[in-house]
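The listed protein sequences correspond, in order, to chains P and Y. Here the first sequence is numbered in our numbering, starting from 426 and rising by one per residue. Here the second sequence is numbered in our numbering, starting from 10 and rising by one per residue.
These are calculated hints, taken from the structure and not from any lab test. Check before you lean on any hint, since a few could be wrong.
[As the list claims (entries may be wrong)] The calculated lysine to any residue pairs, modelled on SDA-like cross-linking and capped at a C-alpha distance of 20 Å, are:
id: 1; chain 1: P; residue 1: K547; chain 2: Y; residue 2: A54
id: 2; chain 1: P; residue 1: K547; chain 2: Y; residue 2: D45
id: 3; chain 1: P; residue 1: K488; chain 2: P; residue 2: Q440
id: 4; chain 1: P; residue 1: K547; chain 2: Y; residue 2: S26
id: 5; chain 1: P; residue 1: K547; chain 2: Y; residue 2: R52
id: 6; chain 1: P; residue 1: K488; chain 2: P; residue 2: G458
id: 7; chain 1: P; residue 1: K488; chain 2: Y; residue 2: I58
id: 8; chain 1: P; residue 1: K488; chain 2: P; residue 2: D438
id: 9; chain 1: P; residue 1: K547; chain 2: Y; residue 2: A148
id: 10; chain 1: P; residue 1: K547; chain 2: Y; residue 2: G51
id: 11; chain 1: P; residue 1: K547; chain 2: Y; residue 2: T91
id: 12; chain 1: P; residue 1: K488; chain 2: P; residue 2: T436
id: 13; chain 1: P; residue 1: K547; chain 2: P; residue 2: D507
id: 14; chain 1: P; residue 1: K547; chain 2: Y; residue 2: E90
id: 15; chain 1: P; residue 1: K488; chain 2: P; residue 2: T444
id: 16; chain 1: P; residue 1: K488; chain 2: Y; residue 2: I122
id: 17; chain 1: P; residue 1: K488; chain 2: Y; residue 2: G92
id: 18; chain 1: P; residue 1: K488; chain 2: Y; residue 2: A148
id: 19; chain 1: P; residue 1: K488; chain 2: P; residue 2: D434
id: 20; chain 1: P; residue 1: K488; chain 2: P; residue 2: T437
id: 21; chain 1: P; residue 1: K547; chain 2: Y; residue 2: I122
id: 22; chain 1: P; residue 1: K547; chain 2: Y; residue 2: T89
id: 23; chain 1: P; residue 1: K547; chain 2: P; residue 2: D510
id: 24; chain 1: P; residue 1: K547; chain 2: Y; residue 2: H119
id: 25; chain 1: P; residue 1: K547; chain 2: Y; residue 2: S22
id: 26; chain 1: P; residue 1: K547; chain 2: Y; residue 2: D152
id: 27; chain 1: P; residue 1: K488; chain 2: P; residue 2: A513
id: 28; chain 1: P; residue 1: K547; chain 2: P; residue 2: Q506
id: 29; chain 1: P; residue 1: K547; chain 2: P; residue 2: M426
id: 30; chain 1: P; residue 1: K488; chain 2: Y; residue 2: T91
id: 31; chain 1: P; residue 1: K547; chain 2: Y; residue 2: H48
id: 32; chain 1: P; residue 1: K547; chain 2: Y; residue 2: V93
id: 33; chain 1: P; residue 1: K547; chain 2: P; residue 2: K488
id: 34; chain 1: P; residue 1: K547; chain 2: Y; residue 2: G92
id: 35; chain 1: P; residue 1: K547; chain 2: P; residue 2: A513
id: 36; chain 1: P; residue 1: K547; chain 2: P; residue 2: A504
id: 37; chain 1: P; residue 1: K488; chain 2: P; residue 2: D539
id: 38; chain 1: P; residue 1: K488; chain 2: Y; residue 2: H119
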Amino acid sequence: MRSPLITCDPTTDLQEVATMMVRDHVHCIVVDGSTHDHAVDPTEWAFVTDLDVVRGTATATRKHRAGDVASGRAVVVAATQDLNDVAAILADNESSHAIVVDDGEPVGMLSGLDLVTILAGKARLS
Amino acid sequence: MSDRPVFTASGPSPIPSICVGDVMSAPPVACDPTADLCHIAGRMARRRIHSVVVTDHDGLEDIAHARAVISELDLVRAVTETGVGVTAARIPAGPVVTIAIDASLIEAAHAMIGADVAHLVVLDGRRPVGVLSSLDIAATIADTAVPATAANAGTTPRQQG
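I would like the entire structure built from these sequences, with the hints used as guidance.
Below, the structure written as structure tokens:
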């Protein structure tokens with residue numbers, strides 16, 4: 426799991442999103458649409474991926490922002506959730522990433538590759 | 010004359026006018042159909058890459074030997090449906106979408122968007138010589154504040170991983 430969560434505002438310029446991805450070597454950033462004046466609300470989160478950035482810049486007739494190209498609601502899982510269940514959730518949602526929450530607070534991002542590597546390692550040991 | 014589609018930006022594009030070969034990762038990382046999921050996941054994790062080209066048993070000297078491109082999401086699906094012992098030949102994977110090494114990044118971007126894939130296999134003639142990811146293009150978008158001319162042109166491709 427990558428921690429802390431890397432987030433941007435829906436109004437963040439796509440060039441800035443691309444810069445964040447390259448700086449942190451991540452393929453997905455959380456777009457946090459909450460207003461910050463209330464408790465964390467996972468329903469206000471979305472993912473923007475590197476492919477979204479490419480799509481938004483290659484086809485733009487105007488300058489797009491993170492909130493314009495974010496591809497759907499973010500997948501959220503609990504820190505205590507079984508990893509096989511998390512894999513099923515990712516597959517069902519066709520998402521390579523999930524936000525991990527502990528007691529309602531976001532604590533990091535789990536990628537599909539993190540997950541498969543752990544499951545494969547466990548299988549080898551057993 | 011090339012039969013590749015030509016895309017023309019209607020205005021200044023954040024994607025710089027450089028060639029695929031200038032920013033691709035090389036060489037492509039490939040596995041044969043008997044490689045199991047653990048092996049593939051391990052290679053991806055060690056090399057910090059998110060796709061592997063599945064070839065037939067004759068290697069990757071010609072694009073005709075490429076069967077599929079496995080992504081991390083393909084691995085996740087395979088874990089849930091089959092388990093970690095599954096081999097590359099049995100992992101449902103994406104198509105092999107290619108781009109010429111001298112194509113522009115804007116052409117590559119449209120190829121990714123059209124096929125809805127995050128990785129293209131880069132060809133020099135019929136020979137796969139690298140992989141271009143959407144993160145590679147994003148990196149050039151991040152860099153467009155820096156003039157993308159002499160500084161970027163002709164740079165040596167990165168080793169994949």
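Status of the hints after comparison with the structure:
1. Our distance criterion of 20 Å between C-alpha atoms is met by K547/P and A54/Y, whose separation comes to about 15 Å.
2. Restraint check for K547/P and D45/Y: satisfied, since their Cα atoms lie roughly 15 Å apart, inside the 20 Å limit.
3. Proximity of K488/P to Q440/P is assessed by CA-CA distance (about 10 Å); at most 20 Å being required, the pair is judged to hold.
4. With a CA separation close to 46 Å, the supplied pair K547/P and S26/Y exceeds the 20 Å bound.
5. Distance restraint check for K547/P and R52/Y: the Cα-Cα separation of roughly 16 Å lies within the 20 Å cut-off, and the hinted pair is therefore satisfied.
6. With a C-alpha separation of about 19 Å, the suggested pairing of K488/P with G458/P holds against the 20 Å cut-off.
7. Using a Cα cut-off of 20 Å, the hinted pair K488/P and I58/Y is violated, with the two alpha carbons roughly 29 Å apart.
8. Under the criterion of a C-alpha separation no larger than 20 Å, the hint pairing K488/P with D438/P is consistent with the structure, at around 8 Å.
9. Simply put, K547/P and A148/Y have alpha-carbon atoms about 34 Å apart, too far for the 20 Å limit, and the pair is violated.
10. Under the criterion of a C-alpha separation no larger than 20 Å, the hint pairing K547/P with G51/Y is consistent with the structure, at around 12 Å.
11. Between the alpha carbons of K547/P and T91/Y the distance comes to roughly 16 Å, so the proposed pair stays at or under 20 Å and holds.
12. Distance hint between K488/P and T436/P is fulfilled; the C-alpha atoms sit about 11 Å from each other, no more than 20 Å.
13. A threshold of 20 Å between alpha carbons decides the hint, and for K547/P with D507/P the separation of about 13 Å falls inside it, so the pair holds.
14. For the suggested pair K547/P and E90/Y, the alpha carbons sit about 17 Å apart, so the restraint of at most 20 Å is met.
15. Note on K488/P and T444/P: the hinted pairing holds, with a Cα-Cα distance of about 16 Å set against a maximum of 20 Å.
16. Of the pairs offered as hints, the one joining K488/P and I122/Y holds, with about 18 Å between alpha carbons and a cut-off of 20 Å not exceeded.
17. At roughly 43 Å between alpha-carbon atoms, K488/P and G92/Y are farther apart than 20 Å, so this suggested pair is violated.
18. Of the pairs offered as hints, the one joining K488/P and A148/Y holds, with about 18 Å between alpha carbons and a cut-off of 20 Å not exceeded.
19. Between the alpha carbons of K488/P and D434/P the distance comes to roughly 15 Å, so the proposed pair stays at or under 20 Å and holds.
20. For the hint pairing K488/P with T437/P, the CA-to-CA distance comes to about 11 Å; that is within 20 Å, so the pair holds.
21. Proximity of K547/P to I122/Y is assessed by CA-CA distance (about 36 Å); at most 20 Å being required, the pair is judged violated.
22. Restraint check for K547/P and T89/Y: the C-alpha separation of about 15 Å stays at or below 20 Å, so the hint holds.
23. For the given pair, K547/P sits about 15 Å from D510/P by alpha-carbon distance, which is consistent with the 20 Å threshold.
24. Between K547/P and H119/Y the alpha-carbon distance is near 39 Å, which puts this suggested pair outside the 20 Å criterion.
25. At most 20 Å may separate the alpha-carbon atoms for a hinted pair to count; K547/P and S22/Y exceed this at roughly 46 Å.
26. Between K547/P and D152/Y, the direct Cα distance comes to roughly 40 Å. Violation of the 20 Å bound is thereby established for this hinted pair.
27. About 36 Å separates the Cα atoms of K488/P and A513/P, which puts this hinted pair outside 20 Å; it is violated.
28. Distance check on the hinted pair: K547/P and Q506/P sit about 16 Å apart at the alpha-carbon level, within 20 Å; holds.
29. About 16 Å separates the Cα atoms of K547/P and M426/P, which keeps this hinted pair within 20 Å; it holds.
30. Of the pairs offered as hints, the one joining K488/P and T91/Y is violated, with about 43 Å between alpha carbons and a cut-off of 20 Å exceeded.
31. At roughly 13 Å between alpha-carbon atoms, K547/P and H48/Y fall within 20 Å of each other, so this suggested pair holds.
32. Between K547/P and V93/Y the CA atoms are separated by roughly 10 Å; this keeps the pair inside 20 Å, and the hint holds.
33. With a CA separation close to 46 Å, the supplied pair K547/P and K488/P exceeds the 20 Å bound.
34. Restraint check for K547/P and G92/Y: the C-alpha separation of about 12 Å stays at or below 20 Å, so the hint holds.
35. Straight-line distance between C-alpha atoms of K547/P and A513/P comes to about 17 Å, which keeps the hinted pair within the 20 Å bound.
36. The hinted pair formed by K547/P and A504/P meets the criterion: a straight-line CA distance of about 18 Å does not exceed 20 Å.
37. Between K488/P and D539/P, the direct Cα distance comes to roughly 33 Å. Violation of the 20 Å bound is thereby established for this hinted pair.
38. Restraint check for K488/P and H119/Y: satisfied, since their Cα atoms lie roughly 17 Å apart, inside the 20 Å limit.
In this structure, the earlier hints numbered 4, 7, 9, 17, 21, 24, 25, 26, 27, 30, 33, 37 are contradicted, and the remaining ones agree with it.
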